[in-house]
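Chemist: Work out the full structure, taking the sequences as your base and the hints as a guide.
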Amino acid sequence: MCLAIVALAAVVPSAQNWPRFRGNDNGKIADDPALPETWSETENVRWKTDIPGVGWSSPVVWGDHIFLTATIGAGAEPQPIKGLYDPGDENGRTRAAGEHRWMIYDVDFQTGKIRWEHELARGVPKVQRHIKNSFASETVVTDGERVYAYFGSLGLLAALDLNGRRVWMQELGAYDGRQAFGTAASPALQGDRIIVVHDNATESFMAAYDKRTGKEIWRVKRDEVENWATPYIWENDLRTEIVTSGLRKVRSYDLNGKELWELSGMTVNVTPTPFASHGLIFINSGYPGQSPRPVYAIKPGASGDISLKPDQTSNEFVAWYQPLLGTYNTSSLVYGDLYYTLLDRGFLLCHDVKTGKQIYGRQRISPEAAGFTASPWAYNGKIFLLSEDGDTFVVAAGPEYKLLGKNSLNEMALATPAVVRGSVIIRTQSKLYRIAKNTK
Amino acid sequence: MVGAVCLAIAVAGSAFGQTVALKQVGSFHVAADTVEIRGNYAFVAGGHTLTVLDLSDPSSPKKAGEYAFPEQIWSFRLVGQYAYVAANFYGLGVLDISNPAAPKLRASFKTPGQAKGVALVGTTAFVADHMSGVDVIDLASLDKPTLRGSFFVDGYARDVAASSRFAFAVDAPTGLYVLDPARPGTDEAVGQVQSAAAPQMIEVMEQGGRVIACLVGGGALQLYDVTDPAKPVHLTSFKTPSGRPARIALDGARGYVADGREGIQIVDLSNPSSPALVGGVKTSLPARDVAVGGGLVVAVVGMGEGKEEVVVLR
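If you read the sequences in order, they're chains R and P.
Per the numbering used here, residue 85 is the first one in the first sequence, and the count goes up by one each step.
Per the numbering used here, residue 12 is the first one in the second sequence, and the count goes up by one each step.
Hints are not guaranteed to be accurate.
Claimed, not checked - Taking lysine-lysine pairs in the DSSO-like style, the calculated list, with each CA pair at most 27 Å apart, reads:
1. R/K490 x P/K121
2. R/K438 x R/K333
3. R/K466 x R/K490
4. P/K155 x P/K115
5. P/K242 x R/K441
6. P/K34 x P/K242
Treat the hints as calculated values from the structure; they're not laboratory data.
As the structure is a prediction and not an experimental result, all values here were calculated from the model.
Modeler: So, in structure tokens, the structure goes:
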């Protein structure tokens, strides 16, 4: 009997759907022996498909539908450069002069064929972008009835049904951020509402839209100038709140847009997405040219300003704080009782999720790695780290760092993969892969 | 070329009663960001190109040779018969400059990110790399440069310098690191401080058993005693007349500072805890870099728009 239970537990399938950036559990996937742990351009590839255009948005999956976005430019696009770098006098800004088409794709999970494509708009981008960003960096979100896409570069929020027909579209306004690096914060789904945060140099706001009609329900101004972090819907034991990470303030709002609490002390260029685990929400920022680069673990129930005072490392609502653990682009991962930090420059660190105490310090993953932007994910006792080279490094989960292997796709990759039903869906610069164990 | 034009000479007194006077004796228009002197030659990096100027007649510098890299040169150092060049995404380039008229690429090594600074300890190159920190490259065989490892720096690596025994790196925003070549394979510095003010470059001098690091950035020269590599000690920060020093060249216990609109300022560092201004010269355009050697001071002046000038002072 016991054996039978163990066996049943071991074959619980991985997630059925992956409806948003980082999935339902912030990169943590239920163990599933069917999930692949090694792959290459040819090994364990169920299919690979060329995706037209440029887009760093992550794939999301519902049933046999894989949704992702891109823009197709009329002319040659400046090629992104891997890693963190000093981009020169223009600070990496680039303005597209030619016409672009903003695309949403539905790829068949079974065959890899593009089931439908929807051109949401065409025109010249209204905003600039960093050479390493794209005009389609926001990940769509879906509830299985519709797919909701937001393009900050165009200021458009739209809903399509699963057949690719447009249900509604809202124009929210397109604005450059202070550095004109483009946009990337994905929309979030909360009940019947789509939550959009657009921090920019002109008119920063957060707004809620009716997911059935697109009608704006509320909108609040935000005192921010640019951020790239996706808002997080935190369903904790006390309430549901919307947590937004930002340069000037981390802010939490109730479901009507009323501010609940705020926290100061972030770096510039805030990108990692907040996420919750173990009854805490984790917030970080880590522009490498600035110090401190904080990670905060926040308890539920806060109100007002919960910022740490100088020399404090915790208070009533800040459970723990690490001053130099913040990441630039990657979001962190909690797996088991451990908090894993993937530094963009290719180091993995591990801390106790409840206390913030270091389990192991910086471990250089590979001297050859160009850098990391995709967020880590985990299953089957292993942590997966996708580098910008398209190499996924596999590391043993647990209190000791051990590199187990490397799976190469040999093409630049910034998007965070989706993991569903025994498959890893990886987007590289030009392709979408379904990685699954070869059962032949 | 401009002839022996005498610019306004600013002379300052010092606690030691020294004064130093300089006057411009020649100049040469070339794209220029950084400069070094070797014998009768000035080596000038501007954009992608390292240009060699013959200073045999300081009043009439002449172009002797050049070498163009595929990427921007951030900085370089001359050691022995070689120029070690930090060339952005190209990585480290090693030029044989034994024939200044025809610099020849002898070796190269692609670092993970942008190579921004380089220093040599023996045959080991330390390369400040924007992405990876400080890469350690074994150049014992120039036919086969080998990556020995990388040192982590907390922020963005900006520059690196060397004493006879250690390498020293600075990063943005606040770091000074002491790196031990005898510890390859480790990521960690043997000593560091995180209190420097926006250091952009570093030079090191050894005087009477002491090792002094001179950082430029944050509107000042920042002097650290790094004799004990595990415990760098901040000695003082010295504000230059412009408040915006760009780079420094060391000559014995004297520092020549490219001090922006205040031209070249000369600082006595014989007591590094108490630097003293001992002279200087206003340049016609803001000073961006400076080199000292062979009885000459060579400065790069300009606004950084490809219209720079190399000025020879004596």
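Chemist: Provide an ascending list of the numbers of those earlier hints which the structure does not satisfy.
Modeler: Per hint list: single violation, 6.
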